[in-house]
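Novice: Each chain is listed here by its residues.
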Amino acid sequence: MASSTGAGEGQQIRVNFTTTLPDLQLPEDKSQLLVPGDIKRYGLSRVVNSDAMLNTDSPIPLDFLINGTFLRTSLEDYLKENGLSFENTVTLQYVRSLVPPIYQASFEHDDWVADVDVLSSTSRAGLWAGNSLPQGQDRILSASYDGLLRIWNMSGQVIATSASTSSKSFPSTDYVPAIKSAKFLDATRVASAGMDQTVRVWKYKEGSDKLSGDLKPTLELLGHKGGIESMDVHTPSSRILTASNTGEIGLWTTSASAAPDAPESALLQANPAKKRKVSVSSGVQKGALSMMQIHSGPASAVVFHPEDSTAAYSAGQDHTIRTIDLTTSKVVHSLTTAHPLLSLCSVQGISTPLLAAGTSARHITLVDPRVSATTTSVMTLRGHRNFVTSVSASPMDNYSLVSGSHDGTCRIWDLRSVRTGSKAEGGGSVSEAVYIIERESQKGQKKKSDIPGQGCKVFGVAWDKQWGIVSGGEDKQVQINKGSDLLAK
Amino acid sequence: MAPRSQMKRKASTAAAEAEAATFSDDEFGDGVLEGVLSDDSEDEENSDDEAEDVDGQDDEDLDSDEVPSDPDVDEKDDDENDGPRYRVEKDANGGERYVYDEIDPVYDSDDSDAQDPENTIGNIPLKFYDQYPHIGYNIDGKKIMRPASGKALDALLDTIEIPKGWTGLTDPATGKPLNLSREELELLRKVQMQEIPEEEYDPYPEYVPWFTHEEETMPISAAPEPKRRFLPSKHEQQRIMKIVRAIREGRIQPYKPPEEREQDEDEEEEMYDLWANEEAQPPHVMHIPAPKVAPPGFDLSYNPPPEYLPSKDEKKEWEETDPEEREKPYLPQGYDALRKVPAYDTFVKETFERCLDLYLAPRVRRTRLNIDPNSLLPKLPRADELRPFPTVGAVEYNHGTRVRSVAVDPTGQWVASGGDDGAVKFWELRSGKQMASIRISADEPVNVVRWRPGSAILTAAAGQDVYFIISPLLDQEVQQANRAALDTGFGYATNGKQATLTSNGARKDPPGTWARPGARLEDQGVLLKITVRADVKVINWHRRGDFFCTVSPTGKHSAVAIHTLSKHLTQIPFRKLPGLAQTAQFHPSRPLLFVALQRTIRVYDLQKQELVKAIQPGARWISSFDIHAASGDHLIVGSYDRRLLWHDLELSARPFKTMRFHPNAIRQVKYSRSFPLFADASDDGTIQLFHGRVHNDLMTDPTLVPLKQLKGHKVINNLGVMDIDWHPTNPWLVSAGADGMCRLWA
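Chains as they are written, first to last, in full-length UniProt numbering: chain A, 1 to 489; chain B, 1 to 746.
Please note: incorrect hints may appear among the correct ones.
Unchecked claim - What follows is a set of in silico ranges between Cβ atoms, one per label pair, in the way DEER data are often shown:
1. B/A630 <-> A/S429: 33 to 41 Å
2. B/A630 <-> A/K205: 52 to 60 Å
3. A/S429 <-> B/G618: 48 to 56 Å
4. A/D110 <-> B/Q616: 53 to 61 Å
5. B/G400 <-> A/S155: 36 to 44 Å
6. A/D110 <-> B/G618: 51 to 59 Å
7. B/S589 <-> A/T376: 30 to 38 Å
8. A/E264 <-> B/R590: 39 to 47 Å
9. B/R590 <-> A/S296: 25 to 33 Å
10. B/P588 <-> A/H333: 35 to 43 Å
11. B/K567 <-> A/E264: 29 to 37 Å
12. B/D701 <-> A/S296: 30 to 38 Å
13. A/P263 <-> B/K567: 29 to 37 Å
Don't read these hints as lab results, they were simulated from the structure.
Yeah, the Cβ is synthetic: ideal placement off N, Cα and C, and Gly gets one too.
Let's have the full structure, built from the sequences with the hints guiding it.
Specialist: This is the structure:
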């Protein structure tokens with residue numbers, strides 16, 4: 001390898017291999033090496049994996065970072081392009097090679113899918129459930145525009161479907177209130193909220209064969225005056241947060257005994273004299289712990305503070321992200337952005353916890369929610385071509401997230417790769433998507449409209465360690481893509 | 001004889017004429033001078049033989065019929081005079097006998113018959129040879145064949161039957177013998193003879209002397225001959241005198257020696273090199289030397305290297321481009337030998353153009369007006385600085401048939417659209433999900449849908465009916481409130497009272513009938529219906545949500561109607577309007593009603609019941625207008641003649657600004673309620689967005705900046721975008737297209 005060669009036979013370059021991976025450290029004396037100039041990523045990977053170097057059992061595919069960027073050409077070409085000297089030692093940082101989010105499966109629905117949630121041993125609900133979660137009970141919960149909840153198992157079978165709960169004010173209309181948000185509370189409970197202004201808590205029971213189960217409503221929470229767009233749950237404190245079209249944020253409890261009685265008007269409305277067609281016993285009707293008028297426009301998303309269940313963040317179409325103290329029901333802090341916000345999730349962030357908010361202006365704004373923060377917008381993730389209606393943080397690390405948009409794609413973002421925004425982008429720090437997940441249902445189909453994502457809008461996305469990236473949308477499908485080892489460590 | 005010869009001479013050639021004139025006076029003495037004259041003529045004959053010969057011939061030609069052959073006799077006499085060829089002797093009877101000399105055949109005279117084939121059969125009758133093909137033998141012993149007799153030739157010719165029009169040629173087209181008719185043959189003959197082949201063409205028509213020297217009794221022009229015809233021209237005299245003077249002074253030499261002229265011509269043909277003496281001039285600003293032809297490159301070689309030769313595509317491209325736009329005026333071509341190079345076909349043209357370029361191209365430095373064209377434009381802020389405004393299509397709502405109207409509900413969550421299928425459809429604004437569809441009319445298209453301000457009641461007009469629809473998307477509490485709002489009017493029972501009596505006592509139809517629409521529609525949320533007298537095209541609500549006005553352009557006296565929801569009352573405020581009403585709208589803050597006729601917009605005060613103002617936009621046919629909500633003093637007007645007009649009501653009745661951005665009619669104009677934006681919808685399928693900021697101080701003009709053209713709707717049957725509506729809180733726009741699509745632009 002390090003044999004001396006003639007001048008005509010390509011340049012030899014001295015490289016220095018480094019890594020931050022603790023399990024793949026090279027011995028100190030082997031890190032310096034002479035390699036031929038025309039070597040590429042694969043060759044370098046083989047060199048590092050060889051017996052003399054790492055001596056791994058099975059070759060580990062590696063990527064090489066040179067000055068912070070991935071090496072995609074030959075080493076010689078890279079040096080020539082960047083005008084670097086061939087005499088100096090080149091430092092190559094090697095990381096594990098990445099695999100794109102491969103398509104895994106699609107689950108067919110009857111109507112558009114508004115939201116998805118996952119239950120697995122690594123998901124939030126699974127962690128809350130703790131030991132009560134049976135082994136291998138990995139489930140997907142999907143909320144659909146036909147007003148039904150469905151629970152799916154790994155092989156794409158519907159285990160349980162909720163009963164229709166809609167009550168019609170006008171018998172002949174074909175209007176069915178959609179369920180806009182659904183979450184697993186734990187292994188046996190599910191919460192849902194939608195355009196019928198009601199939050200429902202369902203009891204989910206599975207048969208012994210694990211192929212059938214049923215969903216029974218146990219609690220009906222009334223009090224919102226507009227359709228509910230978003231919901232977040234915190235099982236340890238039995239709290240549910242909802243964001244409604246009227247700009248109100250509701251705080252509810254999942255325990256029927258602790259919940260206050262439902263307001264008279266809401267009860268009256270939920271039980272109109274004779275027109276109501278009760279298809280299923282809806283359980284106990286209760287009211288909200290508190291109903292907060294937070295936003296001046298429709299509230300589009302609300303999330304609990306990741307560490308503190310007594311605080312919450314909400315985003316609205318009035319361009320604001322507000323921090324709410326739930327014990328006092330007061331707005332603690334308000335951040336104003338430039339665009340209507342449509343989705344929100346909290347990201348651990350590399351140094352400080354951040355909030356990622358999807359906007360109607362086709363990008364994701366990352367904001368620092370702390371009161372002491374000097375700048376509102378930390379970073380902008382650009383690349384979507386339509387409304388960003390859903391964001392979800394990675395469960396594996398603290399710097400990546402996935403977003404679903406009306407343009408029919410899910411995009412995976414790495415907060416570590418940052419560039420300075422151009423003037424047209426308004427400056428600031430900008431990042432671009434690492435991977436783009438297209439809808440599998442649209443593969444090979446002709447584009448119907450000049451509007452991106454027409455017919456395959458993504459409404460909900462969830463990222464779980466076991467399930468991967470689960471997304472549902474206008475194409476009436478829940479699509480699952482592989483979600484691990486996507487980004488460099 | 002003498003007078004005749006004289007007459008002949010008169011008609012003879014000019015040479016004889018001059019001589020004849022010398023004695024023309026002698027005609028008087030006819031008989032006396034006969035002898036003299038004859039003598040004279042004889043003298044002349046002797047003196048001018050040649051002339052006389054010509055005369056004689058001419059005479060014969062002319063007078064051969066009349067004149068007896070006297071000259072012949074004369075000639076004979078002349079011959080006899082030469083020498084007698086006979087002797088006169090006395091015969092036996094004593095009579096005269098002419099004895100001619102024996103003719104002496106000269107030896108080499110040509111009366112020999114030796115060349116004829118001589119038959120040598122001797123004195124044998126020819127009938128002996130009757131049975132032989134020959135008739136004897138010649139001197140060489142060869143048979144002399146019997147000549148073909150006329151009878152045999154005729155017999156042979158008779159055996160060959162020539163068809164009519166036979167030419168012996170073959171028609172190359174058909175391969176058959178070419179037969180020509182008599183007419184065709186005649187035509188061919190005429191062509192061969194170089195005659196005009198046309199039939200009945202007379203090459204020598206009778207000459208009609210229209211203008212003659214003779215005086216006509218009925219002349220074409222009766223104008224008397226002008227005097228100048230009879231006077232010598234002074235001008236000509238002057239010119240002649242000028243030449244004469246020049247000749248006298250020697251300036252003109254009439255007889256130049258020819259050799260000198262030839263020499264001059266030789267000198268003139270010498271060529272000059274225009275730039276032979278040209279010296280290198282010192283560089284000067286105004287001096288521009290003639291451009292030099294670039295030296296030939298490799299590609300001009302007769303056999304250039306292959307990389308210079310054009311490929312097939314390049315060749316095609318070169319041939320297709322306009323000669324003026326070609327990068328090179330030639331195409332490099334390769335020949336393997338110099339002798340194969342053809343003549344350069346554009347040599348003359350190229351040389352000529354080069355000469356033209358050198359000779360005609362004015363090499364003058366031009367001083368241009370040094371004005372930056374951008375500085376002439378008004379200073380407008382850049383569109384990027386005026387964000388936010390809708391830029392791209394975000395959601396599409398597929399209504400199915402042509403959408404005539406679209407409206408965003410006051411909360412900004414729902415969109416209602418009404419189309420040609422008579423259905424009103426409700427959509428979720430953000431997701432584009434169709435939530436409900438109510439078919440309010442089976443055959444009439446839904447012309448307009450409008451939300452009642454501050455509530456979830458939708459008014460939709462189909463035909464002559466206006467329907468009130470309670471949105472099924474909202475909760476029961478709101479629906480109950482809306483239901484109550486619609487039903488309160490039933491207590492007033494205005495329907496009966498409204499039917500007034502006319503002057504002659506007949507019951508008049510009420511201007512509007514308020515009723516329930518029927519069980520089917522009531523089950524779907526349509527709870528109230530007003531029927532007016534003509535098709536309703538426009539609905540506009542008053543901001544309080546109790547009054548609204550409808551406009552039916554076809555209803556003559558009841559075109560504009562104002563309805564009160566709380567009392568179920570319909571009123572017709574105008575008995576007569578000076579034109580067809582197009583649209584009407586309430587002022588956002590004051591009790592004014594704006595009614596747009598075809599060419600004017602009239603502003604009425606509803607409290608004082610009087611005309612406040614008449615606005616003249618100058619458009620030929622107004623389609624729509626909108627009033628600026630915040631100030632109430634500004635107005636945009638869209639017209640079918642493609643104009644968008646901005647009015648400042650305080651300023652003038654004439655438009656403040658006229659904008660033409662569309663090639664087709666403008667259907668709808670709308671101000672945004674929450675942003676300084678406005679937009680128009682046009683039949684060309686585009687929406688033009690404007691920034692329109694109205695300043696608070698009255699001194700500053702409003703800022704109008706065209707921002708963006710939103711394209712995406714297809715044009716179907718010359719209809720593009722039918723209606724637009726702004727989102728109440730966000731800078732979003734919803735448009736309805738003739739292609740059956742509604743779009744949200746964000």
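Novice: Next step is simple, just say for each hint if it's right about the structure.
Specialist: Hint check:
1. In this structure, B/A630 and A/S429 meet the distance hint of 33 to 41 Å, their C-beta atoms being roughly 37 Å apart.
2. A C-beta distance of roughly 58 Å is found between B/A630 and A/K205, which places it inside the suggested range of 52 to 60 Å.
3. Taken as a hint, the range 48 to 56 Å holds for the pair A/S429 and B/G618, whose Cβ atoms sit roughly 52 Å apart.
4. Look at A/D110 against B/Q616: about 59 Å separates their beta carbons, and that is inside 53 to 61 Å.
5. The hinted range of 36 to 44 Å is satisfied by B/G400 and A/S155, whose Cβ atoms lie roughly 38 Å apart.
6. Hint check: A/D110 to B/G618, Cβ distance near 57 Å, so the stated range 51 to 59 Å holds.
7. For the pair B/S589 and A/T376, the beta carbons lie near 36 Å from each other, so the given range of 30 to 38 Å is met.
8. At about 41 Å, the CB distance of A/E264 to B/R590 agrees with the hint of 39 to 47 Å.
9. A hinted range of 25 to 33 Å holds for the C-beta pair B/R590 and A/S296, which are about 28 Å apart.
10. B/P588 and A/H333 have their C-beta atoms about 36 Å apart, which keeps the hinted 35 to 43 Å range intact.
11. Checked against the hint of 29 to 37 Å, the C-beta distance between B/K567 and A/E264 comes to roughly 32 Å, which is consistent with it.
12. For B/D701 and A/S296, the hinted distance range of 30 to 38 Å is satisfied, since their beta carbons lie about 32 Å from each other.
13. Distance hint check: the CB atoms of A/P263 and B/K567 are about 33 Å apart, consistent with the given range 29 to 37 Å.
Taken one by one, the earlier hints all hold for this structure without exception.
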